[in-house]
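Visitor: Residue numbers (our numbering), protein chains in the order written: chain L, 3 to 431; chain W, 3 to 431.
Source of the hints: derived by calculation from the structure; they are not laboratory data.
Just so you know, nobody snuck in bad clues.
Where chains are identical, the list cannot tell them apart; a pair therefore holds if satisfied intra-copy or between any two copies.
Here are the simulated DSS-like cross-link-like pairs (lysine-lysine), alpha carbons at most 25 Å apart as the crow flies:
(1) Lys178 - Lys124
(2) Lys308 - Lys65
(3) Lys283 - Lys389
(4) Lys389 - Lys284
(5) Lys178 - Lys389
(6) Lys366 - Lys426
(7) Lys62 - Lys317
(8) Lys175 - Lys124
(9) Lys27 - Lys16
(10) Lys410 - Lys27
(11) Lys308 - Lys62
(12) Lys124 - Lys206
(13) Lys236 - Lys93
(14) Lys29 - Lys366
Protein chains: 2
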Amino acid sequence: MKGYRELTKEELIKERAELNERYEKCKALNLTLDMTRGKPSPVQLDLSNDIYDTLKDGFKTAKNEDTRNYGIAPGIEEIRAIFADILGTDKDNLFMGNSSSLNQMYDAMMRSMVFGEVDSPKPWAQVEGRKWLCPAPGYDRHFRVTETLGFELIAVPMNEDGPDMDVVEGLVKDEKVKGIWCVPCYSNPDGIVYSEEVCERLAKMETAASDFRIYWDNAYVVHHLYEDRNTWGKLPDMLSLCESFGHANRVYEFASSSKITFAGGGISCFATNKDNLTWAKKFLNTQAICTNKVNQLAHSRFLPDKEAVYAHMMKHAAILRPKFEACFNVLEEELGFAKSLWKWTTPNGGYFVSFYAFPGTATKIVSMCKDAGVALTPAGASYPYGKDPADSNIRLAPSFPVVEDIEKAVSILAICAKITAVDKLLEDR
Amino acid sequence: MKGYRELTKEELIKERAELNERYEKCKALNLTLDMTRGKPSPVQLDLSNDIYDTLKDGFKTAKNEDTRNYGIAPGIEEIRAIFADILGTDKDNLFMGNSSSLNQMYDAMMRSMVFGEVDSPKPWAQVEGRKWLCPAPGYDRHFRVTETLGFELIAVPMNEDGPDMDVVEGLVKDEKVKGIWCVPCYSNPDGIVYSEEVCERLAKMETAASDFRIYWDNAYVVHHLYEDRNTWGKLPDMLSLCESFGHANRVYEFASSSKITFAGGGISCFATNKDNLTWAKKFLNTQAICTNKVNQLAHSRFLPDKEAVYAHMMKHAAILRPKFEACFNVLEEELGFAKSLWKWTTPNGGYFVSFYAFPGTATKIVSMCKDAGVALTPAGASYPYGKDPADSNIRLAPSFPVVEDIEKAVSILAICAKITAVDKLLEDR
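Taking the hints into account, I'd like the entire structure generated from these sequences.
Guide: Structure, rendered in structure tokens:
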């Protein structure tokens with residue numbers, strides 16, 4: 003099949019008519035399909051159904067501490083050891099949270115707002131015109147935190163190996179710029195793994211703000227799609243990398259088990275250097291006596307070390323892989339003939355496929371899909387303020403629906419992508 | 003036995019010598035006893051060991067929602083219904099947290115600091131010289147939250163039916179006074195239940211601050227010591243009481259299951275009116291996707307209604323009662339002969355016995371007890387800034403140790419109370 007750009011006006015009109023027929027047929031099916039959020043599917047959640055059976059062995063830690071009672075504010079040692087091993091850092095750098103790492107990010111930023119960081123000239127709430135860097139497309143809930151806290155969101159373009167560091171290095175010369183959101187491994191939504199060079203430049207760069215922070219959300223650190231470990235995203239330990247460049251306070255790293263065990267019912271943690279942690283603990287120890295250690299113990303018994311976590315994640319991968327591949331295949335089949343018009347990512351892990359439609363069509367595509375019973379994340383959702391300047395990116399979340407539904411949904415997406423592209427091309431004829 | 007005040011100098015000196023002999027004998031026992039914190043004992047925690055067995059029936063709510071996945075930010079309906087019934091309010095006024103109600107208090111106050119309340123002229127962080135009322139003695143961790151957040155802590159005397167309302171009504175004429183801590187049922191540490199009159203005056207009083215808030219920490223709402231329901235502390239529903247006086251936004255109520263199931267491993271909630279909740283949700287929905295609903299489901303199955311909670315609490319009471327009574331008995335036996343010198347509370351619930359030593363001796367008593375191997379909460383801990391102006395109050399926490407240890411520890415406390423009182427009396431001879 004010829005690419006659309008090579009078609010005559012008449013050919014395009016004919017193609018448009020055929021596509022419209024297909025679209026109307028899809029609409030007539032009265033489908034209800036949802037590709038909006040990165041939720042694990044019930045089969046994935048079933049993998050962890052036995053997690054609380056581990057408590058039959060009692061509620062004591064290896065050190066004979068009773069997890070059913072108050073105490074051990076940073077979390078039990080065994081779970082910190084496992085997460086530290088996964089993140090490539092030391093267990094003493096970790097502080098466990100409850101079930102949400104987003105909550106830990108929000109809390110960390112609220113501390114900065116009210117108390118400032120250990121190296122802040124003043125609390126961030128007192129910094130008029132404070133700004134935050136948002137590699138885009140990125141995670142909408144990240145952007146919402148900084149927007150809610152009154153930061154101006156500065157979009158940074160994403161390259162294939164992470165945020166455009168030339169742009170970042172320029173922006174951080176502004177002392178109002180207090181930090182950056184990063185999902186370094188299988189970024190949301192592009193599935194990009196940051197290159198070593200990007201990590202190094204982030205760690206090394208001089209920032210005008212003395213209290214600049216990287217929010218290193220390692221949400222998908224073990225969320226690989228393939229058995230072959232050569233395909234696994236690998237990252238340097240950002241804590242020691244920052245330290246090696248004299249910026250030891252620069253990074254807060256976050257992780258959770260939401261997409262390992264139960265979504266919103268697992269455990270979370272953050273890791274940071276000693277100065278930051280000592281500072282944070284002043285407030286964390288005021289905020290609560292401790293987090294849910296019974297859940298930490300259950301997790302540490304259910305997945306007792308890094309290799310156990312890897313093995314468990316390969317069970318997830320076996321469920322997710324066909325869903326991602328269904329996405330890739332339908333996109334290739336329907337849209338592969340004209341790759342200059344659109345593109346999509348084929349990540350090795352994470353929870354999303356990022357589709358870049360013909361510029362100026364994403365909003366229309368999402369709306370047409372909705373009319374055909376396919377719910378997609380709103381166009382622009384992955385950009386600061388929900389505005390994609392190119393109106394091109396659509397985040398696809400294939401984890402929750404079954405393969406058959408994904409095929410239907412992505413087919414409809416592809417038809418709509420073609421219709422809207424043809425319409426755009428016809429505008430110029 | 004004569005009261006000490008009636009003894010001659012010589013008799014006091016003789017008594018002093020006898021007491022000293024007893025004290026030295028106690029020291030020689032090399033005891034290690036801990037009466038510092040209100041922690042449930044292992045036997046109490048055992049009562050809930052089977053809680054996660056309830057998950058054998060699956061992870062779905064009555065409405066067929068999957069608790070293992072994201073969603074249902076306010077918490078599942080069944081658990082909100084149970085807590086609402088206990089608190090005497092509507093389930094739609096409730097928002098569930100994770101394991102710590104203290105954390106919810108801290109979060110609520112951080113929101114006020116950064117964003118203000120729905121009826122605030124400006125965020126509280128911008129209110130120079132902001133103040134908070136602290137009925138004292140009270141809960142040290144409450145006071146620490148407001149101190150950390152830069153409030154001036156204003157002590158309010160406690161009467162036998164709650165905070166001295168004449169004082170409170172005077173203080174709230176200052177618009178810098180933004181709120182008050184209350185533990186209305188079995189207050190920490192006195193075990194006082196607020197009278198209806200006190201509740202009404204709190205709800206009714208005019209405050210200079212438009213955004214004055216009562217932090218109504220109903221930590222011990224079902225924590226009764228006796229089967230006889232006539233002894234149970236009863237409180238009006240503070241939400242509707244405040245509303246009835248035209249101050250619907252005035253109260254945040256908090257509760258948790260920490261001393262029902264697992265301490266720091268249970269679930270928590272807050273209740274407030276619609277305006278406050280709508281305002282809070284703007285930020286709560288930015289902070290996290292949801293709390294741990296699997297734990298909520300387990301709790302709702304393990305203790306499916308208010309009567310089940312009451313029945314469960316009577317099992318706790320059966321364990322706690324002998325411990326409290328051991329306290330009362332030893333105190334009566336050792337110190338009952340001279341009740342003008344000291345006093346102690348005999349609460350019908352909660353987690354503490356409050357001992358008021360002869361003025362000016364509490365610090366010395368705690369230090370002497372420490373030397374004899376008995377750890378007590380530091381004198382003054384229950385007062386703002388850790389300073390008891392009378393140096394009299396000592397908080398006793400009898401829940402964790404076994405009865406035999408409580409008897410030993412309280413005997414030593416009583417001996418030290420007598421020694422220090424005799425010393426004080428001798429100063430005036």
